[in-house]
Structure formats: C-alpha cells, structure tokens
Amino acid sequence: EAQVTQNPRYLITVTGKKLTVTCSQNMNHEYMSWYRQDPGLGLRQIYYSMNVEVTDKGDVPEGYKVSRKEKRNFPLILESPSPNQTSLYFCASSLTTGWDEQYFGPGTRLTVT
Amino acid sequence: KNQVEQSPQSLIILEGKNCTLQCNYTVSPFSNLRWYKQDTGRGPVSLTIMTFSENTKSNGRYTATLDADTKQSSLHITASQLSDSASYICVVSARGSARQLTFGSGTQLTVLP
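So the protein sequences, as listed, match chains A and B. Start counting the first sequence at 1; every next residue gets the next number (the working numbering). Start counting the second sequence at 1001; every next residue gets the next number (the working numbering).
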C-alpha cells in the first residue's frame, strides 16, 4: 500500500531533550516536506527536500533540523525542544515538486513540557 | 506577501443540505489551487486541483470553481453526508519555486444528522 508513515504518533517530552520524528514514504517520491499545524494558523511548512541531500527552509524552520540521506526517509530533528514547539506535525511527499499532489502522513502530536 | 483566506471559519449544516466554502488568494504568479479534506486527527487528502485555465472541476459530490481574474475559488458540496464533517483546506501554488505553497487556515464543516 502506497503510504507515508510517521513515528511516533504521540510524544510527550521535556524542554531540551533532543528528539527525532521519523518519516518514510514507499512511493519513490522525490519531494518531501514537514509541516506543523496549530489551531487557527493552518499548516505551516518547516523544511522541504527536493531530492536526496537537497533540503531547504520553509516558513518556520527555527528550532528544527532535517536530513535526506535516502530518498524514502526524511527525519525531523528537534535538538533542544521548547514548549512553543508543541504542535501537530505532518510529513508529506509528492512526485517531484510541492505543486504536485502531496500525500500526508498520519501526523505526530508532540507535547513539550 | 502571498496569502490565502478561507471563509467561513466554521460551518454547521444538516445532512442532505448543500454548502459552499470560499477561498480568496493573493498568490502570484499563480500555478494551481488544490482543495484538501482533513478528517480530525488525520493528514489532509487532496480533493481537486485547478489550474489557471480551468473554471470548474468535480469529484463526486464535490465541485470546485476557480475565477483567476478575481482570485477566488469555491468548493461546493452537494447532498452532504455525515462523513463530510472535516476541515477543508485551500492550498495555492506559485510558479517558479517548490517552496511557494500557501495554505489557508481551513473551514471546519460539521454535518449534523
């Protein structure tokens, strides 16, 4: 089944404790992206990747890192999480660019205390 | 600055009724416009895509319209069902950059029996 998977689905952590949210797609898509979704603000792009080893900042990249060592994986790294990073995070992939239909993962709900 | 405004923010209708959701954008240069449906706690799923030359596109009971001159789009839902209860998100792409996706904050639709 073609899909985007994220892990974990739920995470509660404390300020400053490094964490990684994994994202994997099995559709051989070139484009992958991370979003956060907060009430009233909609989806905001954190980082995106056009292909392996090619990543770029989105609209809200501060406090986040990403890497794209393999085509299928695009992990999101929070080196020192803070409470304002409490949010619902979505990973998405599309065939070649962000203009193509994006397939979203199920989401990761992160709480930083 | 590119912006996408959706209205209303929320809408409650009775099962079987029709409704129309609005999306106004200032994204330029325009590439395409997508409507996504997001069920509670899940990732968005694409409903329709509209390019500059398209005025109307249907997907079952969902019909999207686009007026590129006034920079407005609407999503019309016919004979609503309980399963239509979701957030509907308008996303506009700008030509020339993979980053140039602008998301609306969504319309929360509730269909009551």
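Rather than coming from a laboratory, the hints here were simulated on the basis of the structure. Certain hints may be false.
Below, a list of computed lysine-lysine pairs in the BS3-like style, where the Cα atoms sit at most 27 Å apart [stated by the list, open to error]: (1) A:K69 to A:K17; (2) A:K57 to B:K1001; (3) B:K1057 to A:K65.
Status of the hints after comparison with the structure:
1. Simply put, K69 (chain A) and K17 (chain A) have alpha-carbon atoms about 23 Å apart, close enough for the 27 Å limit, and the pair holds.
2. For the given pair, K57 (chain A) sits about 17 Å from K1001 (chain B) by alpha-carbon distance, which is consistent with the 27 Å threshold.
3. Distance check on the hinted pair: K1057 (chain B) and K65 (chain A) sit about 38 Å apart at the alpha-carbon level, beyond 27 Å; violated.
Hint check: a violation occurs at hint 3 only; the rest are consistent with the structure.
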